[in-house]
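K.L.:
Each chain, written out:
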Amino acid sequence: MQFASRLPKPVGIFDYMTLVNEQRMHNINGGTPLYTEEDFEAYRNGTKIAANWQDAIIRKSAPFTQHDISATGGTDRSSYFISLGYTSQDAFFKSDDVDYKRYNIRSNVSSKITDDLTFDLNLNAIMDRKNQPYISPWYVFRSLWYQPPIQNIYANNNPEYFNNVPSNLNGVAHASSDVNGYMIQTNKWFQSSASLTYQLPLEGLSLKGLYSYDFNDNNNKVYMKSYNLYNYDASTDTYNPVPQQTPSTIRRDYAEFPATLLQASLNYNRSFANKHNLTALLLYERGVRSGDNFFAQRELALPVDQLLAGISTNQQGGTNAGNLYKTINASWVGRLAYDFKGKYLAEFSFREDGSSKFAPEQQWGFFPAGFLAWRISEESFFKNSNALSFINSLKFRGSYGEMGDENASNYQFVSGYTYPVSGNATSLPGGSVFDGVFVNGAQGKGLANPLLSWYKSKMFNVGMDLQAWRGLLGLTVEYFDRERTGLLATRALTLPEEVGVGLPQENLNGDRARGFEFEITHDNHIGSFNYNVRGVFGYTRTMNTTQVSARAGNSYLNWNNSNYTQDRWNNIYWGYGSPGQFQSYNDIANNPFFVPRNTVVGDYIYEDWNGDGQISTQDNHPIAMAGLPLVTYGFTLGGSYKGIDLNMTWSGAGKVYVSYFEQLNTPLWAGGGALEQFMDRWHPADPTADPYDPNTAWVPGNYAYTGTIPYTNTLANASNAAYLRLKTVELGYTLSKKFFKGNGLKGLRLYANGYNPITFTKLKYLDPEHPSSQFGYLYPIDVKLTFGLNIQF
Amino acid sequence: MKNYILGLLLSALCYLSACEKLDAPPLNVIQDRDIFNSEAGITAYMARIYSVMPIEDFKYSPTLGFNAFVIGSFAGITGEALSRDMGNANGSFGYWSAAYNLIRECNYFSEVLPDYAGNFTEEKVKYWLGEVRFIRAVTYLALVKRYGGVPIVDQLLTDPDQSIGDITESLEELKIPRSSEEKVWDFIAEDLKYAYENLPETSVAGRVNRYVAAGFLSRAMLYAGSIAKYNSIELTAGSERLCGIPASKAVTYFKESYDAAQLLNGKYSLYKKSWSATDKEAQYQNYINTFLDASSPENIFVRQYKYPDAVHGYDALSVPKQLEGPGGNYSSETNPTLDFVEMFEGLPRDANGAIRTRDADGKYILYDNTMSLFSNAEPRLRATIILPGDVFKGQVIDIRRGIYTGETAGGINKLIPPGSTINYPTTNIVSSASALQTPYQLPDGSMMNPAGLSGVFTNLAANGPGGSITGFSVRKYLNPNKPTAEVVTNRSEQSWIELRYAEVLLNAAEAGYELSSLGQGASYLQTAITNVNMIRERAGASSITSINDVDVIREERRKELAFEHKVYWDLKRWRIIDQEQNARLYRVLMPFYAAKADKYFLMIEQTKEMLVLRLIQDGTMIKFPLQLLAKTQA
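Protein chains in written order, with my numbering: chain A, 1 to 793; chain B, 1001 to 1634.
Don't read these hints as lab results, they were simulated from the structure.
Hints are supplied without guarantee of correctness; some may be wrong.
[To be verified] With a straight-line Cα cutoff of 30 Å, these simulated DSS-like cross-link-like pairs (lysine-lysine) come out: (1) A:K762 - A:K60; (2) B:K1306 - B:K1596; (3) A:K764 - A:K9; (4) B:K1126 - A:K445; (5) A:K445 - B:K1306; (6) B:K1596 - A:K445; (7) A:K326 - A:K188; (8) B:K1124 - B:K1414; (9) B:K1175 - A:K445; (10) B:K1599 - A:K221; (11) B:K1255 - B:K1193; (12) A:K784 - A:K94; (13) A:K112 - A:K9; (14) A:K9 - A:K48; (15) B:K1599 - B:K1414.
Sequences are here, hints too, so could you generate the full structure?
P.N.:
Structure follows, in structure tokens:
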């Protein structure tokens, strides 16, 4: 079973009308409420019926099932692992038109052909399928939250006719495939690898060849079905259709992404005199990745949702240029590792990487790495010291390495023309129409940079591992620093516009990420109760080390904009400080700096940070952290007593702030509805009282009075989304062996699993991991409860 | 054995490294040889530069620029119309980087094509070189109209063999200073003359021939002549006069314009396929067809569209509300003003020449229907805009501001005082804020919606219900045969007529009038009269015998070329846009139904405060993009 975690709810009719009236009263020049007592009474006594969009669209819970079967086995010459899995997940829509299914099979076989020659074959296939209405789920939430309860779902409340609500956002029609069509996305993955390992006559030396072929395809079918919304004309008692998304259109997309990898390696692994351990590897690999795709689209005359039923007028076909590619990578890899009795460890490795994404002279990059470690606990002085005997193992380690990255490159070294130019039919098309025929255009690519090459990461890492009191304490401390150079950027010194072309990208910029991780473990048992605890804590920060750009207009702007700064930690949330809300008109009257005339009690106070007596963009300063959580932590608790086991994983994040837009920021946004959270607001105790009368009594709340919208970049709008949540909890019971005598069963376990069941956070009304992209309308985070049975034969 | 295996291994490695050419070029990039070795390649190059040529077509907006998904109407800032979504256009009209990018592409073509000339006939090579010179001229025309003198770049500034380092070291050489406005106009004239000499007599629709170049020359030189004559601003940088041309050059430029226009005589003609001298209905229909008949002999240069690759949304944005297509609240963006309507012939007028809707006692005249007022209107007016109650797509376009519920027996007095911009009156009036209306019961018991199906609704907000806001709707260019299901933002395909013969006639008329007023002879004036009468005859208006005032020609131009995105630049080159528009309140005509009389009357109102055209502070030049200034000043 799945439940939505902290899904916002739209307000009911009375709250809606109250908020609208407040918004209207919130007028310094004198406001009048829109809805009168009669309007309220009409809904109270049932003369008028309000719509409940939430209940019409969303259900409380949705089913979720998962089944797996697996088997392992073999003889001394061969071994196998096979498995079969199935997952099915539905969504919270009453229409039940959003669901996801996934099937996978896996077969790994290893066989010794001769004593020296081993053959391995691994096959894995996955298929998944996602069904949804043509209108995306996030858009359904947008429609759902937008329509106030005063708008009926059906025109004249007649269920035959969907109401043409403002902006055509009828969420009930949007949530149903029967109404607006569907989108089916099917993905298949096939991964295979075959390898031969030959043990050479020299002890410890082996030769391995591997070939793998992976294949992924996407097969989508999109049916945009036209449907009608209706305007009810009371003067003639007619329903006037307003057609939506016409004409009905069917579209098929197909894309395939094959990839091959060839590897040949020579391995050497041997110990000498039980002291000197040596491993060496030399490997060559060559991989080819490619993508190809096409689509076809036709309009439909009859409601037959097949491409073959399409009409020939306006039919379209084409290829998405972004997924049409072929790249080749090749690498030489070498590694040499040596340790002395496991006490002193040293390793050196290198990669020589080549990529077809660069000009021939720039294709190859050399990236070495080294590692040193000292297990001090193996030293005799350490072993012989009684004072240190509680320590079972202590190791210090450090490493340095370089890595290359080709991903940002997209053939900027090639000059020439992009053909065909991608265009947009309604704005700048990709060509011109000559004599009634559309002709694809060829656009010059501008200046090329044949010198473009790999960008380079330098990674430095030191750490310590400790085990003490036989598992009662385990400790790992690690510090890391990653510095990247050669990130692509365009020179600050740009060409005059009159040259008509810009400079190409070069390997110019750099950045750094630095942080530490800390892990502590504890294993113990009390009688037959075994338990373990593990905690981790991580902290990461990033900065730009080199950032080419022109200076901004003044020093303040320069400081304010991270595009212009280097050697400063990133993730700064810029905005206005907000020390709170005005508690009374006395506060407003005595405010040390200017506030607008229409300020009311409960409005957000902004910080006059530069002290110039007014709030302006120059009061922008760092107010919080932005972006990914900087601090992450978590711990797991596990325990077992006889057949019962309990495992919990907690995870948390700190120094993270979220802010939202549109309807998650503004009640009655764009003339729409409001979410229930906005009822927690400052408002006059008597809704008919003039909010600008200093004698009006106010009820305090979390948000300001309806009609006051916080500036987007303020603490008033950003919320601390630090959280600690129980990510998973599982309680299991394993039946003891004596139950299964003679019936072939080997084990049986019952379990109950919870995913995201408990969350502690200061954030109100929303899930702390609820994303703020797509205006915050994304599908909610799940809470899952699973009950399961695990049988072994 | 051991040696054998090692040998095998080494040879395998050698084999692998031997094929180490990581050669996988991008799959949709082609080279000069692919472009310049075939006519198809050249056509692909042309398809690109024609697509970005600065044509102010259906997809142009002063605020969003060229080739934009536009909501709103350019006519909304010229006084021709009011448009909910056309905001204050001050400080917009920007066009710079894209212009110099296109100029570079033209220069590149001119410099590279000669290397491949052996592949083609001499005619073809001349044709294509003429085309890119034409496009370069059009680009400079767009720049000089906006900024006055701009840097003239007549060749490629970077060499294909230069490395990035070389280019950045020679940065100072790449800074080209602004030339004087006069030099830019001369440069445009030179390019257009080159194009005229090299281009062929005819071309396919959408591409240019020599007469297109001549037509543009007449347009450009008329502009330059107007600047020489009417501009009074002097703005110089060093010895270069960036704004304005010496008045002594006016005659030269007007003559160039006049002469260029004469080159098209006999090659094109006014569209009169379904015209009749005696039938006003035929004149009306003929004028509508002028903009929709692809085979019109009046079309000199058009930009074509073709679904699904290159379309516009003019129908969706401009149809009256009641004919709105699916997929959103798009319609009625261009609402002609009463000020515009009053320029036309055939309307009842008061002593001041304004339209008359009240009788001698000041009472509203009552009509059976709203079209009665326009029964004698000039056919061109009916064909240019949809009058309230006129027919479009077989439907009566229902535009009504409200129902007057008061007594009508003694006549209806003026509802609001003259010049008032107060909120809509409510006494004795029912109106509707939204398209979902509450019907009003008429004295005979039947029901009627307060507002018409196409407005006017009292909620004028941009995200409001839409509908007409002036009592009128635009008709020019609307496709009367487009099914409502296709009245969407990506289905319109009618061509944009960038240059038609009527404009050339008006260019010659204006240049001729200016020349005669500058003492160049009466024959110029005679041409002006003849040309204006040709336009007026086709429009169904009376003919004139003399021209005593330049405004006669200007007004004719504003009527004939209305909603064709030309008026704004005319107002600028005449240097009158500031006087005409500062703090101006345009007027609208509001049809009312008088319930107790079962008649209509029409009320003249001022624009509501929220729709007032904002002050345009500087009537001469577009504000130069400041961030570019530093880079341009050498």
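K.L.:
It remains to establish, for every hint, whether it holds in the given structure.
P.N.:
For each hint, the structure was consulted:
| no. | hint | verdict |
| --- | --- | --- |
| 1 | A:K762 - A:K60 | 24 Å, holds |
| 2 | B:K1306 - B:K1596 | 51 Å, violated |
| 3 | A:K764 - A:K9 | 13 Å, holds |
| 4 | B:K1126 - A:K445 | 26 Å, holds |
| 5 | A:K445 - B:K1306 | 26 Å, holds |
| 6 | B:K1596 - A:K445 | 71 Å, violated |
| 7 | A:K326 - A:K188 | 20 Å, holds |
| 8 | B:K1124 - B:K1414 | 68 Å, violated |
| 9 | B:K1175 - A:K445 | 22 Å, holds |
| 10 | B:K1599 - A:K221 | 57 Å, violated |
| 11 | B:K1255 - B:K1193 | 14 Å, holds |
| 12 | A:K784 - A:K94 | 18 Å, holds |
| 13 | A:K112 - A:K9 | 62 Å, violated |
| 14 | A:K9 - A:K48 | 22 Å, holds |
| 15 | B:K1599 - B:K1414 | 16 Å, holds |
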